[in-house]
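Using the sequences and the hints, build the whole thing.
These protein sequences, in sequence, are chains Z and G. Note that this note's numbering has the first sequence beginning at 100, numbered continuously upward. Note that this note's numbering has the second sequence beginning at 871, numbered continuously upward.
You may find that some hints are simply not true.
Stated by the list, open to error - Mimicking PhoX-like on lysine-lysine, the simulated pairs with C-alpha atoms at most 20 Å apart in a straight line are:
#	chain 1	residue 1	chain 2	residue 2
1	G	Lys966	Z	Lys137
2	Z	Lys140	G	Lys966
3	Z	Lys152	Z	Lys121
4	Z	Lys117	Z	Lys135
5	G	Lys966	Z	Lys135
6	G	Lys966	Z	Lys152
7	Z	Lys152	Z	Lys108
8	G	Lys978	Z	Lys152
9	G	Lys951	G	Lys978
10	Z	Lys108	Z	Lys118
Said to hold, decoys possible - Covered by chain G, according to a simulated footprint, are these stretches of chain Z (three or more residues, beta-carbon under 8 Å):
#	stretch
11	135-143
12	203-209
Please keep in mind that the hints were generated in silico from the structure rather than gathered at the bench. Computed from a prediction, not measured in an experiment: that's the story for all the values here. By construction, the Cβ of each residue, glycine as well, lies at the ideal position given by its N, Cα and C atoms.
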Amino acid sequence: DTEVTQTPKHLVMGMTNKKSLKCEQHMGHRAMYWYKQKAKKPPELMFVYSYEKLSINESVPSRFSPECPNSSLLNLHLHALQPEDSALYLCASSPTKRSSTDTQYFGPGTRLTVL
Amino acid sequence: GQSLEQPSEVTAVEGAIVQINCTYQTSGFYGLSWYQQHDGGAPTFLSYNALDGLEETGRFSSFLSRSDSYGYLLLQELQMKDSASYFCAVRTAGNKLTFGGGTRVLVKP
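Written out as structure tokens, the structure reads:
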């Protein structure tokens, strides 16, 4: 199994809703990442988890709350989002974040629309 | 902080060769990665250069000059399926990836 899966593929939510994005990998990777990508823009790093611990938070607003319940699973909890948060949310994983030749593998993303 | 510059768009015909340049300014450089992303798809890893020189993977090659803070991706024998966006990304401590703005490659028959 060499892929990162993400659910749901599409999500539409109101500004008062609470929803969660899910990411899963079974490659034994110990680092997992959340990125946000707006249309025609590059991915922007949001969070990094290493060995199930949050290691990097790129000053992301608290309405985005990440969670790593185990080494295969990464969640992103969403609450009170704004329309400008509409974007493609990408999950990635890599073997570790310590190797100098580490490669990040991306999931297909969740396309989020906030009304 | 990090900043990367790459051309916004390149158009070429099938069978041609395309070179996408990437210049960067960064603190704490580990290497330069290249990703391909088709419309509506996920970024797919193409290559990684940690040291100066050329890395070849099939039709795609990537080059890095650390002293010039410069790299490029070379796409050879272009095919229609190569129409996509290509991102360079610098890798810094903590395996952080910072992406360039992306180059949209359009391959025409």
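Taking the hints in turn, this is what the structure says about them:
1. Between G:Lys966 and Z:Lys137, the direct Cα distance comes to roughly 19 Å. Compliance with the 20 Å bound is thereby established for this hinted pair.
2. A distance of roughly 18 Å separates the Cα atoms of Z:Lys140 and G:Lys966; the hinted pair therefore holds under the 20 Å criterion.
3. Among the hinted pairs, Z:Lys152 with Z:Lys121 is consistent with the structure: their alpha-carbon atoms are about 17 Å apart, no more than 20 Å.
4. Of the pairs offered as hints, the one joining Z:Lys117 and Z:Lys135 holds, with about 18 Å between alpha carbons and a cut-off of 20 Å not exceeded.
5. Our distance criterion of 20 Å between C-alpha atoms is met by G:Lys966 and Z:Lys135, whose separation comes to about 14 Å.
6. Among the hinted pairs, G:Lys966 with Z:Lys152 is consistent with the structure: their alpha-carbon atoms are about 15 Å apart, no more than 20 Å.
7. Between the alpha carbons of Z:Lys152 and Z:Lys108 the distance comes to roughly 26 Å, so the proposed pair goes past 20 Å and is violated.
8. Distance hint between G:Lys978 and Z:Lys152 is unfulfilled; the C-alpha atoms sit about 47 Å from each other, more than 20 Å.
9. Distance hint between G:Lys951 and G:Lys978 is fulfilled; the C-alpha atoms sit about 10 Å from each other, no more than 20 Å.
10. A C-alpha spacing of about 13 Å is found between Z:Lys108 and Z:Lys118, which places the hinted pair at or below 20 Å, so the restraint holds.
11. By the rule of at least three residues with a Cβ nearer than 8 Å to a Cβ of chain G, the coverage given for the stretch 135-143 of chain Z holds, with 5 such residues.
12. Look at the stretch 203-209 of chain Z against chain G: 6 of its residues bring a Cβ nearer than 8 Å to a Cβ of that chain, three or more, so the hint holds.
Consistency note: the structure conflicts with the earlier hints numbered 7 and 8.
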